[in-house]
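2 protein chains.
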Amino acid sequence: MAKAVIQAEAEADLGRSAQKRRAILKAATEVFLKAGYLGTNMDEIAALSGVSKQTVYKNFASKEALFVEIVSSMTNMTGDMVHNDAPKLGDGDVAAYLEDYAYRQLAAVLTPRIMQLRRLVIGEVGRFPELAKVLYERGPLRAMGMLARVFEGLAGQGHLRFDDAMVAASHFNWLVMSDALNVAMLLGDAAIPKPAELRRQAAQGVRVFLAAYGAGK
Amino acid sequence: MAKAVIQAEAEADLGRSAQKRRAILKAATEVFLKAGYLGTNMDEIAALSGVSKQTVYKNFASKEALFVEIVSSMTNMTGDMVHNDAPKLGDGDVAAYLEDYAYRQLAAVLTPRIMQLRRLVIGEVGRFPELAKVLYERGPLRAMGMLARVFEGLAGQGHLRFDDAMVAASHFNWLVMSDALNVAMLLGDAAIPKPAELRRQAAQGVRVFLAAYGAGK
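Protein sequence lines, in the order shown, are assigned to chains A and B. Residue numbers for the first sequence follow the numbering used here, beginning at 1166 and rising by one. Residue numbers for the second sequence follow the numbering used here, beginning at 1166 and rising by one.
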């Protein structure tokens, strides 16, 4: 075969592999959230994703590896969405900038899918502590780390003042998120606040945050 | 029988009833936390508490009623402990007063038993939404309501300033509790912060709270 043909076929193989992998992840997410971690088996995931069980195992060594991949990709996507899409502050108002950041974080995290995932791993901490540990590290811990770096930048520009960027990031994170998160955890997806209420909570949280950490204009 | 004898026997009956009720609640708490809500049955609770299944049902109409009673008594006890034992502010320092309140709340709530209960109901929100609703109402919502009344008193004495006592109470609650609660939820009982760390988090949370809501001296 000509070199170009071989290359095209290799690319098509790669495309098919990536497609299968995506189908497995999508099906697995459905099954995990519906049946719980213990109640999920690889046969059902294979059947739902339209691939063989062997293909599932070729992509993911175990049920745990598959679950960890789901948590990672979901939390990475959410974190990137909040962080990478963040506008630059420029000459703008720091309060408005932080309110926007807070609202985008709330809107990205307070989704039925992520709330269901969080409830699932919390309910399984006793039996499967590793699952929640992954969610903790890739979710809130990573988000607060990214926020701490943003805050260091803002402090460098004279907008914020603090001793410990991680403590400031934690206070910001929980001032903004906790009420909505607690309600969603305990009262279910239907209790996730609507966008207008999330904006109100973002603004109220930022006001308290800036009273403590703002450096004036 | 003489009146005194009848009365003494009636009191002994009441005492035995109360004792049986306590034994059932204690046994049920163990079984629920070990086996989960779905995995718990009334036979096991009866066996562990040393009473007949009939006696269990005489005290609690259903598994749900029994669970609700456990959540209620555990959260009421915790809330009362934080709230009723609170010292009066008097002429003292409002920051020290709030730090003490915050620390006592953290120490009362961040216990393995309450964390296990919270994880259990969160994991069952999909199947048994009523359980978490009870925890929400008797736990954080009640605690924040009591806190709001404390804050209204402090505002009346000129120590705090706010538009909405419930928003101030929510900010206080989550500034102080969220980091520890999130860690305990996701990393398990062994990750519950030690008293010195809880004191540090209480002090940091109060500092931010007072920057926004303090009224100076």
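Hints are computed from structural coordinates only; laboratory data are not their basis. Some hints could be false.
Remember, identical chains collapse to one label, so a pair may be satisfied in a single copy or spanning two.
Unchecked claim - EDC-like mimics (lysine to aspartate or glutamate), calculated; alpha carbons at most 16 Å apart, straight line:
| no. | residue 1 | residue 2 |
| --- | --- | --- |
| 1 | K1185 | E1264 |
| 2 | K1298 | D1354 |
| 3 | K1199 | E1317 |
| 4 | K1199 | E1289 |
| 5 | K1185 | E1362 |
| 6 | K1168 | D1208 |
| 7 | K1223 | E1234 |
| 8 | K1253 | D1208 |
| 9 | K1223 | D1178 |
| 10 | K1191 | E1302 |
| 11 | K1359 | E1176 |
| 12 | K1191 | E1209 |
| 13 | K1223 | D1208 |
| 14 | K1253 | E1295 |
| 15 | K1228 | E1195 |
| 16 | K1185 | E1302 |
Please read all numbers here as calculations on a predicted model, not as lab measurements.
For K1168 vs D1208, is the C-alpha pair at or below 16 Å within one copy, between two copies, both, or neither?
-> Neither, since 39 Å and 72 Å both go past 16 Å.
First find the shortest C-alpha distance between K1191 and E1302 inside one copy, then the shortest across copies, and answer within, between, both or neither for a cut-off of 16 Å.
-> neither (22 Å within a copy, 35 Å between copies)
Is it within, between, both, or neither for K1199 and E1317, if the alpha carbons may be no more than 16 Å apart?
-> So K1199 and E1317 fail the 16 Å test inside a copy (41 Å) and across (45 Å) alike.
Please work out whether the CA atoms of K1253 and D1208 approach to 16 Å or closer within one copy, between two copies, in both situations, or in neither?
-> Neither: 47 Å inside a chain and 62 Å across chains, both beyond 16 Å.
At 16 Å max between alpha carbons, let me know whether K1185 reaches E1362 within a copy, between copies, both or neither.
-> Classified as neither: same-chain Cα gap 39 Å, cross-chain 47 Å, threshold 16 Å.
First find the shortest C-alpha distance between K1298 and D1354 inside one copy, then the shortest across copies, and answer within, between, both or neither for a cut-off of 16 Å.
-> between (23 Å within a copy, 13 Å between copies)
With 16 Å as the alpha-carbon cut-off, assign the pair K1253 and E1295 to within, between, both or neither.
-> Neither. Shortest intra-copy (36 Å) and inter-copy (44 Å) distances fail the 16 Å Cα cut-off.
16 Å Cα threshold - placement of E1264 relative to K1185 | neither (40 Å within a copy, 55 Å between copies)
16 Å Cα cut-off: does K1223 pair with D1178 within a copy, between copies, both or neither?
-> Close inside one copy (15 Å), not across copies (67 Å); limit 16 Å.
Quick one: K1223 to D1208, C-alpha cut-off 16 Å, is that within a copy, between copies, both, or neither?
-> within (14 Å within a copy, 45 Å between copies)
For K1191 vs E1209, is the C-alpha pair at or below 16 Å within one copy, between two copies, both, or neither?
-> Cα proximity of K1191 and E1209: one copy only (12 Å, versus 40 Å across).
Can you tell me if K1228 and E1195 fall within 16 Å by alpha carbon in one copy, between copies, both or neither?
-> within (14 Å within a copy, 30 Å between copies)
The structure fails to meet hints 1, 3, 5, 6, 8, 10, 11, 14, 16 from the earlier list, while all remaining hints are met.
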